[in-house]
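Given these sequences and hints, build the entire structure.
Here is what each chain is made of, one letter per residue.
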Amino acid sequence: MTNEELKIKLAEILPTATIEEAAEIGPGWITVNVEPIEWLAFAQQLRKEEALHFNFLFCLTCIDWKTHLTMVYHLRSTIFHHNIVVKAKLDRDKPAIETVSHIWRTAEFHEREVYEMFGVDFLNHPDLRLLILPDGWEGKNPMRKDFEDPVNMIRL
Amino acid sequence: MEGFGEVLKMYRKTEIINDSKAPPAEGFGEADMIINVGPQHPATHGVLHLVITLNGETIKNVEPHLGYIHRSIEKMCESLSYRQFIYVTSRMDYLSAHINNHACALCVEQGLQVEIPPRAQVIRVLMDELTRIASHELWLGAMAMDLGAFTPFFHAFRERESINDIMEETCGARLTMNYMVPGGVMHDLHPSFQQRVKDFMQLYKSKVHEYDEMLTGNIIFQNRMKNVGVLSAEDAISYGCTGPTARGSGVSCDVRKLYPYEIYNTLEFDEVLETGGDSFSRYMVRVREMQQSIRIIEQLIDNIPEGDFQTKTKAVLKLPKGEFYSRVETARGELGVYIVSEGATTPYRIKFRSPGFSNLSVLNHIAKGSKLGDLVAMMGTLDLVIPDIDR
Numbered sequence: 700m701t702n703e704e705l706k707i708k709l710a711e712i713l714p715t716a717t718i719e720e721a722a723e724i725g726p727g728w729i730t731v732n733v734e735p736i737e738w739l740a741f742a743q744q745l746r747k748e749e750a751l752h753f754n755f756l757f758c759l760t761c762i763d764w765k766t767h768l769t770m771v772y773h774l775r776s777t778i779f780h781h782n783i784v785v786k787a788k789l790d791r792d793k794p795a796i797e798t799v800s801h802i803w804r805t806a807e808f809h810e811r812e813v814y815e816m817f818g819v820d821f822l823n824h825p826d827l828r829l830l831i832l833p834d835g836w837e838g839k840n841p842m843r844k845d846f847e848d849p850v851n852m853i854r855l
Numbered sequence: 279m280e281g282f283g284e285v286l287k288m289y290r291k292t293e294i295i296n297d298s299k300a301p302p303a304e305g306f307g308e309a310d311m312i313i314n315v316g317p318q319h320p321a322t323h324g325v326l327h328l329v330i331t332l333n334g335e336t337i338k339n340v341e342p343h344l345g346y347i348h349r350s351i352e353k354m355c356e357s358l359s360y361r362q363f364i365y366v367t368s369r370m371d372y373l374s375a376h377i378n379n380h381a382c383a384l385c386v387e388q389g390l391q392v393e394i395p396p397r398a399q400v401i402r403v404l405m406d407e408l409t410r411i412a413s414h415e416l417w418l419g420a421m422a423m424d425l426g427a428f429t430p431f432f433h434a435f436r437e438r439e440s441i442n443d444i445m446e447e448t449c450g451a452r453l454t455m456n457y458m459v460p461g462g463v464m465h466d467l468h469p470s471f472q473q474r475v476k477d478f479m480q481l482y483k484s485k486v487h488e489y490d491e492m493l494t495g496n497i498i499f500q501n502r503m504k505n506v507g508v509l510s511a512e513d514a515i516s517y518g519c520t521g522p523t524a525r526g527s528g529v530s531c532d533v534r535k536l537y538p539y540e541i542y543n544t545l546e547f548d549e550v551l552e553t554g555g556d557s558f559s560r561y562m563v564r565v566r567e568m569q570q571s572i573r574i575i576e577q578l579i580d581n582i583p584e585g586d587f588q589t590k591t592k593a594v595l596k597l598p599k600g601e602f603y604s605r606v607e608t609a610r611g612e613l614g615v616y617i618v619s620e621g622a623t624t625p626y627r628i629k630f631r632s633p634g635f636s637n638l639s640v641l642n643h644i645a646k647g648s649k650l651g652d653l654v655a656m657m658g659t660l661d662l663v664i665p666d667i668d669r
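These protein sequence lines map, in sequence, to chains A and B. If you read the first sequence in the working numbering, its first letter stands for residue 700, the second for the next number, and so on. If you read the second sequence in the working numbering, its first letter stands for residue 279, the second for the next number, and so on.
I should point out that these hints are in silico values taken from the structure, not numbers from a laboratory. All values derive from a computational prediction rather than experimental measurement. Careful: at least some of the hints might be erroneous.
[Stated by the list, open to error] Keeping only pairs whose Cα atoms sit at most 20 Å apart, straight-line, the calculated SDA-like set for lysine to any residue is:
1) B:Lys353 - A:Glu734
2) B:Lys353 - A:Ile762
3) A:Lys844 - B:Lys599
4) A:Lys839 - B:His348
5) B:Lys338 - A:Asp826
6) A:Lys844 - B:Ser359
7) A:Lys786 - B:Tyr626
8) A:Lys786 - B:Gly600
9) A:Lys708 - A:Glu748
10) B:Lys483 - B:Phe547
11) A:Lys747 - A:Lys793
12) B:Lys353 - A:Glu812
13) A:Lys793 - A:Leu827
14) B:Lys504 - B:Tyr626
15) B:Lys338 - B:Lys599
16) A:Lys844 - B:Lys504
17) B:Lys353 - A:Asp845
As structure tokens, this is what we get:
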């Protein structure tokens, strides 16, 4: 499937999403912006639709923009080798989004990492606990931009 | 025997049960017990802590606890310039430091849109492949030692040491090379590089049959590896496994073939695939991959083009506003570097998609239902490097 066909197909599945070419990331990358509330249904279709077959979630992360958070999902298909980036904008004070760990199992670990580092609440996650941070860590999320650690200096 | 029962009860309820990280209480039967492996266990090769729920000798659940060596490299990189942050990444997967540096350099070059000279490209590929061999050699020795075979360790380290000597001559370091920089490589090759690599290849070729004699054909080794930790192709993809771990299950995922970078598309080499999905297949993938790396080095060592080893770049690098993603094939799988730039001299956000993190997440899945002794074989063939997982 060419990039143009892929874009049309994606627009068919989710008419409300904005789709743009992410040329600077590299040829053949498409960025899709979705609303957090639509993400789960969209993810299921990305995985199940035979013409798309996005079966490999190879990167899952979050960006703190100081005003809001953005979840970033990098997906590709091991059959067609096409790549997309899905982004969902989250509220910074109460970030929450549906988990996709039952669609791509790798999300379970990655979401736990984002949960502790950014404080994003993954709804219906099977096992949302701290993974890297020590026990009893509460409140502050280290990867947020306003986090300062007076003891272990990690910012120059 | 009542006293013994009391003692047993005490051991079963180690304090870890009240830990917030402890495995869920459901499914924890009367006859089950919890064993902690690590964080200072020799078989974990680093500070990995596994909390294992056992029923007799059968594994019910494996819960990895991370963070013992977490340095928050991603956060540190946010205050380091595009020239500086590469040095930190050598400390992620310290066994393939060259390839980590390579991924970062590629990502910055993509943002700057600079082409690097052909000589630098060839040097980079040569270094990558030497690193891959060195990393697989260490894995081979360490994994065999975990399984109780001590001799292969010395054989593997003999080869690895000669690679490290080559690296030391050219890069000035044995592990954290910091040799690949945006625009090319740090400095030119040492004059004796070519000859020493040739000597190494001769040594390797005259000794490679020893691995087969010691391990591959060894019936004890085979019995411990075959049908242990079976991972299906679907699960490998779903869990995000890459590298030899996924290729052992027949998933074609070699970044050098799928998304070629530098000059890999002009080179002749095979993507090594095995379809067994068990520990033995993963072992075979790595052993055969070393030979493919030798094949690549053979094609290049006499054909290093003359010219610059670095293209001219500005002293202070500024990436344009936007997002950049680059990926390379490290010895452990696909390393992705995702840079979000705001147009400043430092990255706004950087994410390392490390292969070890995803490969580790599959451990519980493949270990369930097998015996505790086999866990060592599984961990060994997943080739976990803890600083790469913790970052």
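Structure-based check of each hint:
no.: 1; hint: B:Lys353 - A:Glu734; result: 27 Å, violated
no.: 2; hint: B:Lys353 - A:Ile762; result: 12 Å, holds
no.: 3; hint: A:Lys844 - B:Lys599; result: 18 Å, holds
no.: 4; hint: A:Lys839 - B:His348; result: 17 Å, holds
no.: 5; hint: B:Lys338 - A:Asp826; result: 16 Å, holds
no.: 6; hint: A:Lys844 - B:Ser359; result: 17 Å, holds
no.: 7; hint: A:Lys786 - B:Tyr626; result: 17 Å, holds
no.: 8; hint: A:Lys786 - B:Gly600; result: 14 Å, holds
no.: 9; hint: A:Lys708 - A:Glu748; result: 10 Å, holds
no.: 10; hint: B:Lys483 - B:Phe547; result: 17 Å, holds
no.: 11; hint: A:Lys747 - A:Lys793; result: 30 Å, violated
no.: 12; hint: B:Lys353 - A:Glu812; result: 14 Å, holds
no.: 13; hint: A:Lys793 - A:Leu827; result: 16 Å, holds
no.: 14; hint: B:Lys504 - B:Tyr626; result: 46 Å, violated
no.: 15; hint: B:Lys338 - B:Lys599; result: 49 Å, violated
no.: 16; hint: A:Lys844 - B:Lys504; result: 48 Å, violated
no.: 17; hint: B:Lys353 - A:Asp845; result: 12 Å, holds
The structure shown violates the earlier hints numbered 1, 11, 14, 15, 16.
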